[in-house]
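2 protein chains.
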Amino acid sequence: MISSNTIKLINSLRIKKYRDKNRLFIIEGDKLVKEFLELNAGVNLVAGETEWLSQLPDYLLERAEQVIEVSSAELKKISSLQTPNKALAIVHMRSNKLKHESLKESLSIVLDYIQDPGNLGTIIRLAAWFGIKNIVCSLNSVDLYNPKVVQSTMGALLHVDIYYTDLDKLLPVAAEMGLPVFATTLDGDSIYKSSATGKGLILFGNESAGLPAGLLRYAGRKITIPSFGNSGFGLDSLNIASTVAVVLSEFKRSG
Amino acid sequence: MISSNTIKLINSLRIKKYRDKNRLFIIEGDKLVKEFLELNAGVNLVAGETEWLSQLPDYLLERAEQVIEVSSAELKKISSLQTPNKALAIVHMRSNKLKHESLKESLSIVLDYIQDPGNLGTIIRLAAWFGIKNIVCSLNSVDLYNPKVVQSTMGALLHVDIYYTDLDKLLPVAAEMGLPVFATTLDGDSIYKSSATGKGLILFGNESAGLPAGLLRYAGRKITIPSFGNSGFGLDSLNIASTVAVVLSEFKRSG
Numbered sequence: 080m081i082s083s084n085t086i087k088l089i090n091s092l093r094i095k096k097y098r099d100k101n102r103l104f105i106i107e108g109d110k111l112v113k114e115f116l117e118l119n120a121g122v123n124l125v126a127g128e129t130e131w132l133s134q135l136p137d138y139l140l141e142r143a144e145q146v147i148e149v150s151s152a153e154l155k156k157i158s159s160l161q162t163p164n165k166a167l168a169i170v171h172m173r174s175n176k177l178k179h180e181s182l183k184e185s186l187s188i189v190l191d192y193i194q195d196p197g198n199l200g201t202i203i204r205l206a207a208w209f210g211i212k213n214i215v216c217s218l219n220s221v222d223l224y225n226p227k228v229v230q231s232t233m234g235a236l237l238h239v240d241i242y243y244t245d246l247d248k249l250l251p252v253a254a255e256m257g258l259p260v261f262a263t264t265l266d267g268d269s270i271y272k273s274s275a276t277g278k279g280l281i282l283f284g285n286e287s288a289g290l291p292a293g294l295l296r297y298a299g300r301k302i303t304i305p306s307f308g309n310s311g312f313g314l315d316s317l318n319i320a321s322t323v324a325v326v327l328s329e330f331k332r333s334g
Numbered sequence: 080m081i082s083s084n085t086i087k088l089i090n091s092l093r094i095k096k097y098r099d100k101n102r103l104f105i106i107e108g109d110k111l112v113k114e115f116l117e118l119n120a121g122v123n124l125v126a127g128e129t130e131w132l133s134q135l136p137d138y139l140l141e142r143a144e145q146v147i148e149v150s151s152a153e154l155k156k157i158s159s160l161q162t163p164n165k166a167l168a169i170v171h172m173r174s175n176k177l178k179h180e181s182l183k184e185s186l187s188i189v190l191d192y193i194q195d196p197g198n199l200g201t202i203i204r205l206a207a208w209f210g211i212k213n214i215v216c217s218l219n220s221v222d223l224y225n226p227k228v229v230q231s232t233m234g235a236l237l238h239v240d241i242y243y244t245d246l247d248k249l250l251p252v253a254a255e256m257g258l259p260v261f262a263t264t265l266d267g268d269s270i271y272k273s274s275a276t277g278k279g280l281i282l283f284g285n286e287s288a289g290l291p292a293g294l295l296r297y298a299g300r301k302i303t304i305p306s307f308g309n310s311g312f313g314l315d316s317l318n319i320a321s322t323v324a325v326v327l328s329e330f331k332r333s334g
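The listed protein sequences derive, respectively, from chains Z and H.
For the first sequence, our numbering puts the final residue at 334, and the numbers step up evenly by one.
For the second sequence, our numbering puts the final residue at 334, and the numbers step up evenly by one.
These are computed hints drawn from the structure, not numbers from a lab.
Just so you know, these numbers come straight off a predicted model, no measurement behind them.
Hints are not guaranteed to be accurate.
A few chain Z residues that don't get close to chain H, going by computed Cβ distances all over 10 Å [claimed, not checked]: (1) L92; (2) N225; (3) R300.
Covered, in the sense of this in silico footprint (three residues per stretch, anywhere, with C-beta under 8 Å from a C-beta of chain H), are these stretches of chain Z [stated by the list, open to error]: (4) 191 to 204; (5) 208 to 221; (6) 301 to 308; (7) 325 to 332.
Ideal placement from N, C-alpha and C gives every residue a C-beta, glycine not left out.
Just chain Z, same shape as in the assembly:
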């Protein structure tokens, strides 16, 4: 049985303002909730269906500050999934304070004004796969704790540190630190001929607008995925997540 206050809290956490105020966010589904418990990643409350809870080992259950048994009708009521999947949890946000030092020895992704939650989720999965530790997002990027982002990362957000900061302040500091800064654009050098390195920042811009001139001026090098197809209508760009996939692969194979 779930209290009306808890229902109210869960509903409020769909909205960024209340997530930030409470420093809490929602995860859903058997696999994701188990992963957060397994990694002891700050689970505040688990609402699970009776049978699902009964199959969960005690050591996992004990990691949640609170456990509530719900019927599938109750789960449906609090879920934002079309097909609710056995469990939902409220989780404490981690405090990610960006230390510039942590960018020094590895390759990091910098995202400006990414708007689509699915894109950010896919980029986080790609970062985890390619061993990228840090993603830095501009302040106007979609919220990491947006339910659609969280669900589409499939748990990868537990393996990547994600920061939000003013890129106009970060990039000059990076330049001063001597970090290579690459910008992905449509008119740069071919990534297949670039001197990919194992450290530095790779900048990716907004889904339609790309990177603004204000940020481009900090880039030591502009890089581009060359097209092997015809030019023409509908062929002017790749999806941002596809771009990240190809660029990370290329840096990692050579870096």
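Given the structure of chain Z, go ahead and fit chain H onto it with the hints provided.
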């Protein structure tokens, strides 16, 4: 003014059964409708807002079999977009009959049981970018003319030939023709060490299930994108569109 019969037809075309019966599908938005007219790609009917129509050159308008002026309220009524964008068109399907010969001299993508419309759309955009001429889908894959697929290709579907066929019949024929068949799996050779070629078939499987054994047995070589990250929860696979992005990039840079 749009007739109630036209409204009925447009609504019915949201459903595959009626698309197939009428051999028609829907495209939406300023850019996409213009592209189809520009390439003279079988536009049956254009429903456009007055001002949008008035800015369209005559030679483009004449390529549509029928042009209807609509108010933005009317467009909203027939659109399936959250924010309708100036125009919608009904388009004739192309008849794509797969000729095995056409697979012979180039690299083709073979998709088994792809379910998500956004994934298929992104894969079509990737194919166009990397100069892949043919995509062959299993019969149980999501429909190319699903509105979400069409919209997410951003026009790239005009540059790639897409076929639906029984893969259990196609793959033995490909083997007989001596075409190299690559299967993307989680336990194959690293794509960075594979002998990528400029021709052959690359098989990609379903979003969660991957490729079934029945199809894998036709593959001469299994290939994998190695992970550079930690193993663990949420790190067991890449999104299918990300996989296609990395594999195509790797084949094209080396092929």
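Report holds or violated for chain H covering the stretch 325 to 332 of chain Z, Cβ cut-off 8 Å, minimum 3 residues.
-> holds (count 5)
Whether N225/Z stays farther than 10 Å from all C-beta atoms of chain H, as the label says | Per Cβ check, N225/Z is outside 10 Å of chain H; nearest 17 Å; holds.
Outcome, coverage of the stretch 208 to 221 of chain Z by chain H - at least 3 residues whose beta-carbon is closer than 8 Å to one in that chain | That given contact holds, which follows from 4 residues of the stretch 208 to 221 of chain Z lying within Cβ reach (below 8 Å) of chain H.
R300/Z: least C-beta distance to chain H exceeds 10 Å?
-> holds, 18 Å
Chain H covers the stretch 191 to 204 of chain Z, three or more CB atoms within 8 Å, holds or violated | holds (count 3)
Residues of the stretch 301 to 308 of chain Z with Cβ under 8 Å from chain H, three needed, outcome = holds (count 4)
In terms of Cβ atoms, is chain H entirely out of 10 Å range of L92/Z?
-> holds, 21 Å
Against the hints set out earlier in the document, no violation occurs for any number.
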